[in-house]
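Peer 1: Sequence:
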Amino acid sequence: MAIINTSVIDNKISDILLGYDTDNLTIATVTSHSSLQIFDGARKEGFKTLGICIGKPPKFYNAFPLARPDEFLVVDSYSDILTKTEELAKKNIIIIPHGSFVEYLGHDNFIQLELPTFGNRWVLEWESDRNKERQWLEGAGITMPREVCDPKDINSPVMVKYHGAKGGRGFFIAKNKAEFYQRLDESQPYTIQEFIVGTRYYLHYFYSPISTEGYTLKKGTLELMSMDRRVESNADEIFRLGSPRELEEAGVYPSFVVTGNIPLVARESLLPEVFELGERVVESSIDLFGGMIGPFCLETVCTDKLEFRIFEISARIVAGTNLFMSGSPYSDLVSPNVSTGRRIAYEIKMAVQNDKLNEVLS
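Here the sequence shown is numbered in full-length UniProt numbering, starting from 1 and rising by one per residue.
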């Protein structure tokens, strides 16, 4: 990742915000990933909305009038967004990042995007680099799958992951050094982790630095919004074709491209640990880079000993929250009918009303 002058960007964002009419803010994001709930939630909280798209507005938005943005910005490529910042700033735009937005624009470009963005953009330096991500999580006292530093040391199943948010694309399992090199894309940076057997839980949280009621931290509060498990192609269906050995002999291997999501609820006795995990990660983020603001997801495996192993963090809204556009069994116990998208909009609304917008934007 390129060396970036953080203070220069922070000062530019502060200057842009000084010129905003905060009574007429517009919520904007790329028309992908979790944009339906972002636009729907923004409208429910009284904001105007803008969808950024390539070529022409996606037709499927017409099928969902409550989630169709009020207007579209059409660009030829995602990099063109960087040339539209003055035009967007005149609309009092607040950018909502999601996985596709960050991946399509690129981490460095997103960090340097000169528009007020919900959350702390500096988290990307820690989230997109798997080595720094491990430093962050293990420094918070989180138990992660063991890292294998040298492929020759692979003596049991491992998961090989490429850096960045790729929706599982290209990830693979290897049981030895030969399998590893057979399937490796050497053009991409990667990490090797032991493969943990258990139930996958994707835990969706929301951290508010300005809230004072609820599950309190040193500063602000932590909320549990929902949980899901990802549907992956072809890993979730492949073994209908035969045993692992038969598949291997036929040259068929599991892939982990995310195609959808399934809702989950954990046994209630696990909730104290779920909150403790989220608390540790947030508190550590405050010490490392000023805090992770808004939605984030801990990607975990729960073993048969009822122990969580955290294998990744997504420090923004994740697509698994799309299951809960009208709320979840957890968020309904805080405020009914609140999606993560709406919770983002509500945080911005409360920040405006309490003159704390600079505390939730970067």
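These are calculated hints, taken from the structure and not from any lab test.
Worth double-checking, as some hints may not be accurate.
Claimed, not checked - DSSO-like cross-link-like pairs, simulated, lysine-lysine; straight-line CA separation at most 30 angstroms: (1) Lys305 with Lys132; (2) Lys90 with Lys356; (3) Lys44 with Lys132; (4) Lys91 with Lys48.
Unchecked claim - FRET-style restraints, in silico, Cβ to Cβ: (5) Tyr190 with Gly214: 36 to 44 angstroms; (6) Glu147 with Ser79: 18 to 26 angstroms; (7) Asp355 with Tyr215: 45 to 53 angstroms; (8) Glu87 with Thr6: 33 to 41 angstroms; (9) Lys218 with Glu87: 36 to 44 angstroms; (10) Lys219 with Arg245: 51 to 59 angstroms; (11) Gly214 with Phe64: 30 to 38 angstroms; (12) Lys56 with Cys149: 45 to 53 angstroms; (13) Pro58 with Gly198: 32 to 40 angstroms.
Values in this document were obtained by computation on a predicted structure and should not be read as measured data.
Glycine is no exception: its CB is placed at the ideal position from the N, C-alpha and C atoms.
Peer 1: Give me the numbers of the hints this structure contradicts, sorted from smallest to largest.
Peer 2: The structure conflicts with hints 3, 6, 7, 8, although it agrees with all the remaining ones.
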